[in-house]
Amino acid sequence: MPEKIRFFPVELTYRIENDRAVIHIFGRTEKNEQICVIDDNFEPYFYVVPKKGKDVQEKLEKIRVEREKEISAVTRTETIQKKFLGRDVEAIKVYTRLPRDVPIIRETIKEWDIIESANEYDIQFRIRYLIDKNITPLTLTEAEGDFVSQRSRVPVFKAVNVKQYSDDSLEKPRVLAFDIETYSPAGKVIAPDKNPIIMLSFYGENFEKVITWKRFKTSLPYIEFVDSEAELLDAFKNVINHYKPDILAGYFSDEFDMPYIRTRADKYKIKLDIGLDYSELKVKHGKAVVSDITGITHLDLFKFVVKTMGGTFDIEAYSLNNIASELIGEKKMEVNLDELSPVWDKNPEQLEKFCRYNLHDSALAFRLCEKLLPNMTELVKIIGLPLYDINRMGFSQLVESYLLKQAPNFNEIAPEKPHNEAIKQRRMQTYKGAFVFEPKPGLYRDIAVFDYRSLYPSIISSHNIDPGMLNCSCCKGEAKLTPIEDEEKEKYWFCIKRKGFIPTIIEDLITRRMRIKEILKEKKSPLLSAREYSLKLLANSFYGYLGFFAARWYSIECARAVTAWGRHYIQDVISKAQKAGFNVIYSDTDSVFLALEKKTKKDAEQFVEKINLELPGLMELEYEGLYPNGIFVSAKAGEAGAKKKYAMLSEEGTLKIRGFEMVRRNWSPIAKDVQEKVLNIILRENNKEKALNYVREVIKDLKEKKIPMDKVVIHTQLQKETGDYAAIGPHVAIAKKLKEKGLEIGAGFMIKYVVTKGKEKIRDRAKLPEDVKEGGYDADYYIENQVIPAVERIFNVLGYTKEDLGWGEGQKKLGKFF
DNA sequence: GGCTCCCGGGG
DNA sequence: GTGTACGGGAGCC
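Just so it is clear: in the first sequence, position 804 is 986 by the numbering used here, and no numbers are missing.
Here are the simulated BS3-like pairs of lysine-lysine, each with C-alpha atoms no more than 27 Å apart in a straight line: (1) Lys370 <-> Lys449; (2) Lys553 <-> Lys705; (3) Lys292 <-> Lys275.
Quick caveat, the hints were computed from the structure, so don't treat them as lab data. Source: prediction; values computed, not measured.
From just these sequences and the hints, can you work out the full model?
In structure tokens:
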């Protein structure tokens, strides 16, 4: 008699056992125990769409391909009525024995001239399983079968039937956060192959631990001493095995902690078999590095923050410190990490504070995970992919995964991913973007900002913008033409009789979100606001997706139509604002900035209300806020317009800075300092004279060599061996000289240099800081190439000349504003 | 004006 | 592995 169990799937994979693909679903039962449910009843397949009147089926069934002594063959085929971009097609569902046969078979038929296309041959087998079985990870699922005996860290249940049971979801997955500290002398680059891990910390529910392999006196109960790095790595495994987390969370752990741990374990030939099936921690080096443990979801919170949440907050860098302060209001512990290695070598009695620092980072990762998990979980529930995947996906992938999940409900076959040629073609195509009302560069006071809520999604829905609805023969001459202004482009339309696949889906997302917002007005719920946010995120990503060259449902006509209608609607607000007597100073895509001047905040709010009364159902203009001070600058020196480059001071006193590209580490500290200081003086103190004098002072100090050397040191890392460079930049020139001196200089080394005076190329004037005596730097270089570019756009709008800055005649030309 | 190289995060 | 996913700025060539 088969047994029934219920569980929350967390992660899944597949293995080949006895020549069959077996899905392994890892999860937690209702009784809160970890489990692995296996299912060998799912066949790999893909679709073939034959050309009209061609008999393809028989030929398909005869395929046999030999690769590396393995035979790939089609096991059976089915003819099936499907839709492709809204059109009815007769497709063949082609089954194979193993998942890996799918791409092989597709490869052998791709040149056949009797087929229209092959489709859905590149959907991962585990994802195909979730889609076809309609199983959503983290959501209560029922399996029918029996427990079997199999080598595994958790009980294994062999299922004959697996199906979604209810909408209940795993409330509290078990989370363990971790972080490592490594031996890393000051100024030296991080080198996993050379330098050991010296500390490792974990933070979980009622659990904190720091493991280190140098002993010192401490009363901290969570510190555990071991005798070597190899023992520390063993402890890493043991802690995970005993804690039994569903989720192992880190910050930048995909690309730092995990690869580091992997490299160190390999050095000692330690098996990192922490997978629930005893498989090893896998670090995969692709374009981005990802680290994967079978059965345990490894989350890299950095990736989620950067890829998905990024746009929502206003920070200059995605460091753990910034993100933690922004999201959970906590900072990292202040510690000078340059001291860690010397202390480790010479003063181990001082290691305790580094242990606390190490634990605190894990604690931050843990709380960040708690904070972000509702957002990720909601995306899991909406899109239907495991957490692991959601964590690492960008917007386009989220949209595409959602469409792939929805396609069967509409009986749609997914289009192929574009291949090389198509991508090249698509990349060359351009279209007109959003409308930008170019501001007159300058300083403004009392700026009221409005924006359309979900402008593009509501356009896609209300204008039925969909690749399959384009230029239908049924509505020719009847449907409204897309309002593209470009005369050379042919006008086109979208069907008004049928609703497209994408508009249907997006409308569903918008209305679901609206319902949630209604509930949220009544009472707060973190869960619902996470869902609301996820729905918004997803809906907002469709437009970009339609114009993304690598998208399956790519359609430049659709993308072009969205921006065309967008321009139409924003221009409408602008003209109405002007008619109402407002001074429109700036507008971009879906937002309008008004300088209030003689009008009041109340006038602005009333204006928005009035606009909203006239807007069709889904569309809404929002009052974003009032900014007492703002500066709008031109994009490049001398250029008139200024797209997306402004800084404003909010009523709450925070600076909102847009478009001033981050001055990064390969800039000198003096350039960073000056940019930040100038914006602050102008917006907070409202004193351009003071800002001017400040820069003038800095320029003077540079010329008089009063700015200390450490403010002009530029850091650049060598990315490859010195001999491998085609172009010799300043840092490469330095590296070559160092090498000639017999120093060990290779890829990864951090080069610090100072540019000195001379007429040669910059690379010939770049010197090591220690080879330049105090004041030996080239003041002109730092003024012209560092300080001035950092503030040029700002002073641009203030209209000062170079004489005003004390950088007068007879000097090298600096651009007309100085 | 193209092409090449670097940055991010982490210690 | 039912494969190939950044995007923008500076300096050399």
